[in-house]
Amino acid sequence: MPAADSVSGIATAFMPTGGKTRLWSDSTYEGIGAAGVFWGGLLRTNLGLRHDDYVNEIQSGVRDAASGLLNFTEPRRRVNSLKKYSPTLGGTFTPWKPLTAFFNFAKTFRAPGTTSTNPLGESTTLRLGEGREGGVRVELLEGRFYLTTSAYDITQTGQNHSVAGAATAINGIWTDPVLNTLNPSFANRALTGGNRESQTLHATGYEIELQANLTPAWTLTAGYGNNINRVSEQDVSTLRYVRANLPEWERLAAANPAVGASIAAEIAAIYDFIRDAAPGLVRGRSYRDTVNLFTRYTFRAGRLRGLTVGGGLHYRGPAALNSQMIAGNVVTLWGSPFAEAEAMAAYAFRLSDRYRGRVQLNVRNLLDRRRYEELNLSQTRYEAPRSYSLTTSLSF
Numbered sequence: 059m060p061a062a063d064s065v066s067g068i069a070t071a072f073m074p075t076g077g078k079t080r081l082w083s084d085s086t087y088e089g090i091g092a093a094g095v096f097w098g099g100l101l102r103t104n105l106g107l108r109h110d111d112y113v114n115e116i117q118s119g120v121r122d123a124a125s126g127l128l129n130f131t132e133p134r135r136r137v138n139s140l141k142k143y144s145p146t147l148g149g150t151f152t153p154w155k156p157l158t159a160f161f162n163f164a165k166t167f168r169a170p171g172t173t174s175t176n177p178l179g180e181s182t183t184l185r186l187g188e189g190r191e192g193g194v195r196v197e198l199l200e201g202r203f204y205l206t207t208s209a210y211d212i213t214q215t216g217q218n219h220s221v222a223g224a225a226t227a228i229n230g231i232w233t234d235p236v237l238n239t240l241n242p243s244f245a246n247r248a249l250t251g252g253n254r255e256s257q258t259l260h261a262t263g264y265e266i267e268l269q270a271n272l273t274p275a276w277t278l279t280a281g282y283g284n285n286i287n288r289v290s291e292q293d294v295s296t297l298r299y300v301r302a303n304l305p306e307w308e309r310l311a312a313a314n315p316a317v318g319a320s321i322a323a324e325i326a327a328i329y330d331f332i333r334d335a336a337p338g339l340v341r342g343r344s345y346r347d348t349v350n351l352f353t354r355y356t357f358r359a360g361r362l363r364g365l366t367v368g369g370g371l372h373y374r375g376p377a378a379l380n381s382q383m384i385a386g387n388v389v390t391l392w393g394s395p396f397a398e399a400e401a402m403a404a405y406a407f408r409l410s411d412r413y414r415g416r417v418q419l420n421v422r423n424l425l426d427r428r429r430y431e432e433l434n435l436s437q438t439r440y441e442a443p444r445s446y447s448l449t450t451s452l453s454f
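In terms of this note's numbering, the sequence shown opens at residue 59 and continues consecutively.
Everything labelled a hint here was simulated from the structure, so no lab data went into it.
Any given hint might turn out to be false.
Quick list of in silico lysine to any residue cross-link-like pairs, SDA-like style, CA-CA up to 20 Å [stated by the list, open to error]:
hint, residue 1, residue 2
1, K142, R102
2, K142, L184
3, K155, G99
Here are the computed distance ranges between Cβ atoms for each label pair [what the hints assert, rightly or not]:
hint, residue 1, residue 2, range
4, L101, A209, 28 to 34 Å
5, G99, D411, 35 to 41 Å
6, A316, G223, 43 to 49 Å
7, E431, D84, 37 to 43 Å
8, W276, T438, 17 to 23 Å
9, G192, L128, 52 to 58 Å
10, R444, D211, 20 to 26 Å
11, P305, F163, 41 to 47 Å
12, F163, A319, 32 to 38 Å
13, T206, S83, 37 to 43 Å
Ideal Cβ positions, reconstructed from N, Cα and C, are used throughout, including at glycine.
Please build the complete structure, drawing on both the sequences and the hints.
Shown next, in the form of structure tokens:
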């Protein structure tokens, strides 16, 4: 209880009002897998199937005006009940010992942590994924060199993002005071849903990696990757809604100059939303090219036996900062390329026949380069300075 005022003797308390909602999530899954070897190991396959059963329930609570306690007396309401099957298939084919072809196919499902809705009040699309990958691995010079190439195609649906700007513009039109002086019923058409919508992303690319065992103690690894991540579909329900209502908004604006001036900014925001929802745009923070180069040498004899030293370089090509549809063409603004050097040193030792230890030092941003990395058109991030990490391990 709050203390009483020394003069009036009255104790004052500020009671929170309103209610709250509880959310229950129940998730179970089962999986089964099988593996097969055919024609003496020429073909090897793996098959899997996962079943997810996911339930979301909510319960509303009302705060008691006298005690301030929340009373959850209403029954639970089920808002999501999802049953999904996700298959996986993979395998290798070795027609000739130095050559192996591999393939993978998988579908994925990620249960939503919360229930998101679009401005129309509809639940956003589930997070589903479908990926395909295939490639070959070639062994050269009796294991001295390995060359691996692969290509992939990945589609992800249900990637939620904010459409708060479009929702604000829509309701700004329906609740516009000048418009509602002509007809107050327009305000009743304001949307009461959320401000999230779903995207479908489509990523394609390929990777090449070379591993060279130059000597029994010296290895070299080099890799290159090319990736494009595009938005193939997004904001379907909200986009359909604005396209259906835009002719009416423009008609109202043209019929009354005062209304036209009052909702001009909102209509312009709607056109920006339509432009940015076009399929084919490159998703932000997508790196077009990546290159990795690393070498390592292990001393196997002498006083330095057990010591491993290495170093490498990571290169990331320009990242997509902004992508728009202009005159029917996708125009993407790319940032700056980025390269970072790293180094490592490790020492493995034996304490006894049973106990072995290892100490390793890693150095990131070896050259201590200081630069700003562009995140988008309005944000940058200062590159982390040189950093050190030391790890130890003991095995027995």
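Verification of the hints:
For the given pair, K142 sits about 27 Å from R102 by alpha-carbon distance, which is inconsistent with the 20 Å threshold. With a C-alpha separation of about 10 Å, the suggested pairing of K142 with L184 holds against the 20 Å cut-off. This hinted pair checks out: K155 and G99 have alpha carbons roughly 11 Å apart, not beyond 20 Å. At roughly 21 Å, the beta carbons of L101 and A209 sit outside the given window of 28 to 34 Å.
For G99 and D411, the Cβ-Cβ distance of about 37 Å falls inside the hinted range of 35 to 41 Å, so the restraint holds. Look at A316 against G223: about 24 Å separates their beta carbons, and that is not inside 43 to 49 Å. Range check, E431 to D84: about 42 Å between beta-carbon atoms, so the 37 to 43 Å window is met. The supplied range of 17 to 23 Å is broken by W276 and T438, whose beta-carbon atoms lie about 39 Å from each other.
Between G192 and L128 the CB atoms are about 55 Å apart, so this pair conforms to the stated range of 52 to 58 Å. At roughly 38 Å, the beta carbons of R444 and D211 sit outside the given window of 20 to 26 Å. The supplied range of 41 to 47 Å is met by P305 and F163, whose beta-carbon atoms lie about 44 Å from each other. Between F163 and A319, the C-beta spacing of about 56 Å breaks the proposed range 32 to 38 Å.
Between T206 and S83 the beta carbon distance is about 40 Å. The supplied range of 37 to 43 Å therefore holds.
Of the numbered hints stated above, those contradicted by the structure are hints 1, 4, 6, 8, 10, 12, listed in ascending order.
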